[in-house]
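Participant: Using the sequences provided together with the hints, build the complete structure.
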Amino acid sequence: MTTRPLLLTGGHLLDPSIGLDGIGDILLVDGLVASVGGSIAGPDEAEHVDCRGLHVTPGFIDVHCHLREPGREDVETIATGARAAAAGGFTAVCAMPNTDPVTDNQAAVGFILAQAAKANASRVYPIGSISVGMNGVQLSEMGEMVAAGAVAVSDDGRPVVSAQLMRTALEYARTFGIPVADHCEEPTLAHGGVMNEGVISARLGLKGIPSESEEIMVIRDILLARRTGGRVHLCHMSTWGSVELIRWGKERGIPVTAEVCPHHLTLTEERVGQYDTNAKMNPPLRTQRDVDALIAALKDGTIDCVATDHAPHHNDEKNREFSDAPNGIVGLETALSVLLTWLVTPGTITLSQLVEKLSCAPARVFGLPGGTLRRGSIADVTVLDPAASWTVKGSDFRSKGRNSPWLNSTLSGRVARCIVGGRQVHVLDSPA
Amino acid sequence: MSVLGKDLLDLESLSTAQITAILDTAEPLKAISLRAIKKVPTMRGATIVNLFFEAPTRTRVSFEFAEKRMSADAVNVAIGNSSVSKGETLVDTARNLEAMKIDMVVIRHQASGAARFLAERIESNVINAGDGTHEHPTQGLLDLLTLRDKWGSLQGRRVCLVGDVLHSRVARSNIHGLRKLGADVGVCGPRSLLPNGAEEALGVTVFDRIEAAIEWADALNILRLQLERMTAGYIPSLREYNRVFGVTRERLERSPRDLLILHPGPMDRGVEIDSDVADGPHSLILDQVTNGVAIRMAVLYMLRGGRPDLAAAGMAAGE
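Which chain is which? The protein sequence lines are H and F, in order. Position one of the first sequence corresponds to residue 1 (the working numbering), numbered consecutively onward. Position one of the second sequence corresponds to residue 1 (the working numbering), numbered consecutively onward.
I should point out that these hints are in silico values taken from the structure, not numbers from a laboratory. C-beta atoms are modelled at their ideal positions from N, C-alpha and C, and glycine is treated no differently. Treat the hints with care, as some may be off.
Using C-beta positions, here's what the derived DEER-type ranges look like [said to hold, decoys possible]:
no., chain 1, residue 1, chain 2, residue 2, range
1, H, 187, F, 215, 37 to 43 Å
2, F, 258, H, 292, 49 to 55 Å
3, H, 22, F, 121, 52 to 58 Å
Facilitator: Next comes the structure, spelled out in structure tokens:
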């Protein structure tokens, strides 16, 4: 099936990767960017889309999400996750391997790619596990997984407890040129914790997770990256201390990259309120000091990119005692709007900086195609309407998950169209 | 709607006026327990479920006496013989009970926030009889009543909680209640059993030495030290705990004043408190138990819409 050429006209082209920031057209042909900028007269058969009043950016890339298939198809499938990604402007997402069974071999990687192809929405790149069954003992067959299409390895959801295993993983993964993404959590310190350790946990009588549980593993991983030359990617950073440690590592040229989630950039532990399980995630929401440091780190490049840690859960599992509810929230469909509302609208960061963090940077960090509108690159494009205002309704989500701390919030900015390989996979207010 | 609202979940969210109203209501109710026939018909027809997810305690006994003396119909549901142990969720358990047309639930649960979780999902009044390591509001209230009986007012008085504040729901309710009534609150214990940043989080003064706490305080509320805290590694041994933090007569004798001694029970004599202190002249431990019934009667009465100012009259009329 060939796709008609697509000509997006009159939009505000915004792409920091090539310094593009102004009104112009873009032509997508045969899955690639054929021409960008200025006024373009497309071929006769091209489909024209009027983008006046909208921003046209390289497609967003989420290097951290949980699509739950195989194993928990009741809470998300690769198809529903890929459609949720499209609705959120993500033309590609990286699926974490903590499924059941774990994505720890080439066949499992192939299954994810096959399901994604059938879904026909956003691209899905599998992340393989570091260890077999995420058991923290034996390395997975990373070479075969990379050959099958895995783009990184991670035991996310579980920290790599053994420093020796982490060291070996960094060395082995280096052979194949992929990053090792780590969920930084020192398990004996974090044991039993359900929220940030601090003023609120003391009042609510909930066991806290101290910042140091993250920071100890951050510095361990940075030191091991220094030793091995392997590329370590630090998942969902949440503390000001982690920011300082990453800065220390980057100043020394150590190969470390890091991501931060929209919720850690916009919410604090106060959001737990009276035991709201939609404010329960790991790492937990921290303090304003942490939020401020994370924003500054995102701006100055200490933290490379934004990732959602999209983690759908069944309502029955979230609708219970706080200490027994699972960690995580959905994020694919709210990430852009949350960051526009809390960071861009107040002027904390520019829209261009946000596009860099949602698109260009994640492509660089994980070595993925896209993240640019450069001529000849893949035709993954997001069209957004920064002026649109909408109220978050769980029933409107493409994701099966409803576990969002922003339900009933009114957010500004919305994805109008999501284009993958030159094909529109999501158009606002019409069936995807 | 009662002056307390639908539920009694914690003391943190109650106003000073609401706490005072409960204490004032409890005062005349004490007399009922002193009569030959310890029963008033005030809550006749009200159905109460005592939903205890932890092993039955003296708290449940105290609630049961309060319910029976107010003529309510009470049913005990304990985890051992309910379907909870078969995996039923808290919300389903509650809905099933409510479908039997009950009026109130007294809940004891191991999860912090469980009482509020329940209260937000059912129409019956909910009384928190202890949720995890969060609060135990009726215990806090009975401690306040016991001290107020002695002092008349708590304004400017100094009360120190001694021991495992970190895991104590009794401590949190005491701290909020005492501060709202104008007392200064201290906490004393090994730092591994105090919340990190307790001063800021809870508005208390921290004492590392029991001797300093004794010198400072007008009353000590000595918390139970659970054996599990030692096996979980919070303290090296009960023996050392007693040596460093145990409240002994020798230590009390160095106090410039006669300290009042409270303990929520059950006591581990020889660990956190010595027998000659527990049974000594300034011990209010049994007054606490007596007041516990009155406080729980007052809470039941007020949540059912009883007016505090009519409590005394109402009880008399019911005689």
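Participant: So, for every hint listed, does it hold in this structure?
Facilitator: Taking the hints in turn, this is what the structure says about them:
no. : hint                         : in the structure
1   : 187(H) to 215(F): 37 to 43 Å : holds (42 Å)
2   : 258(F) to 292(H): 49 to 55 Å : holds (51 Å)
3   : 22(H) to 121(F): 52 to 58 Å  : holds (54 Å)
Comparing the model with each earlier hint shows no violations; every hint is respected.
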